[in-house]
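**Q** Produce the entire structure from the sequences given, and follow the hints as far as they go.
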Amino acid sequence: MIQTLLINFLQVLIGFSGGLAVGGGFVAFITVLGIIPRLIQLTKTEKLVKMYGGCVIIGLLIGTYFSFADIILNQSIIILILWGLFHGIFNGLLAAALTEVLNVFPIISKRIKMERHLLILLMAIVFGKIIGSLFQWTIFVK
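Going by the numbering used here, the first residue of the sequence shown is number 32, and it counts up by one from there.
Computed spacing ranges between beta-carbons, pair by pair:
hint, residue 1, residue 2, range
1, Phe97, Leu150, 35 to 41 Å
2, Ile170, Met82, 37 to 43 Å
3, Ile67, Phe97, 21 to 27 Å
4, Leu153, Ile67, 25 to 31 Å
5, Ile109, Pro137, 41 to 47 Å
6, Ile120, Ser98, 16 to 22 Å
7, Met32, Asp101, 25 to 31 Å
8, Pro137, Leu51, 17 to 23 Å
9, Val157, Lys75, 40 to 46 Å
10, Arg69, Ile170, 37 to 43 Å
11, Pro68, Phe40, 36 to 42 Å
12, Arg69, Met145, 28 to 34 Å
13, Ala52, Glu77, 30 to 36 Å
14, Val43, Ser164, 15 to 21 Å
The hints are simulated quantities; they were obtained by calculation from the structure and are not laboratory data.
Just so you know, these numbers come straight off a predicted model, no measurement behind them.
Idealized CB from N, CA, C, for every residue including glycine.
**A** Structure below.
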């Protein structure tokens with residue numbers, strides 16, 4: 032009983048920590064790069080600022096729901112190919128933008144007053160990602 036409770040608590044803690052890390056990274060990415068203001072500037076749609084914010088929030092909520100819900104959508108192979116293509120393009124652009132803006136970690140470390148421990152912060156992120164991936168592949172993927 033106590034062991035199950037401890038395991039459940041540990042899973043909640045790991046999930047919450049991972050969510051905070053990913054959410055913080057996403058917010059830092061959008062804030063530092065200024066993606067939404069730049070998009071508004073390029074499209075000259077300043078009057079639709081609230082709609083852009085709403086689309087981001089709705090997209091995040093729907094994406095989170097689909098990540099956790101057990102929903103099966105029967106789609107044709109063409110739709111799946113297009114869906115995968117759009118995901119690949121998005122992830123590729125996200126990775127390219129992040130490599131351009133590697134100063135996100137020094138900014139975060141200064142804000143949380145850990146500039147002397149930047150290497151430890153980066154190693155904690157790296158080892159946390161490695162351990163989390165190994166944990167997922169060895170425990171959950173069968």
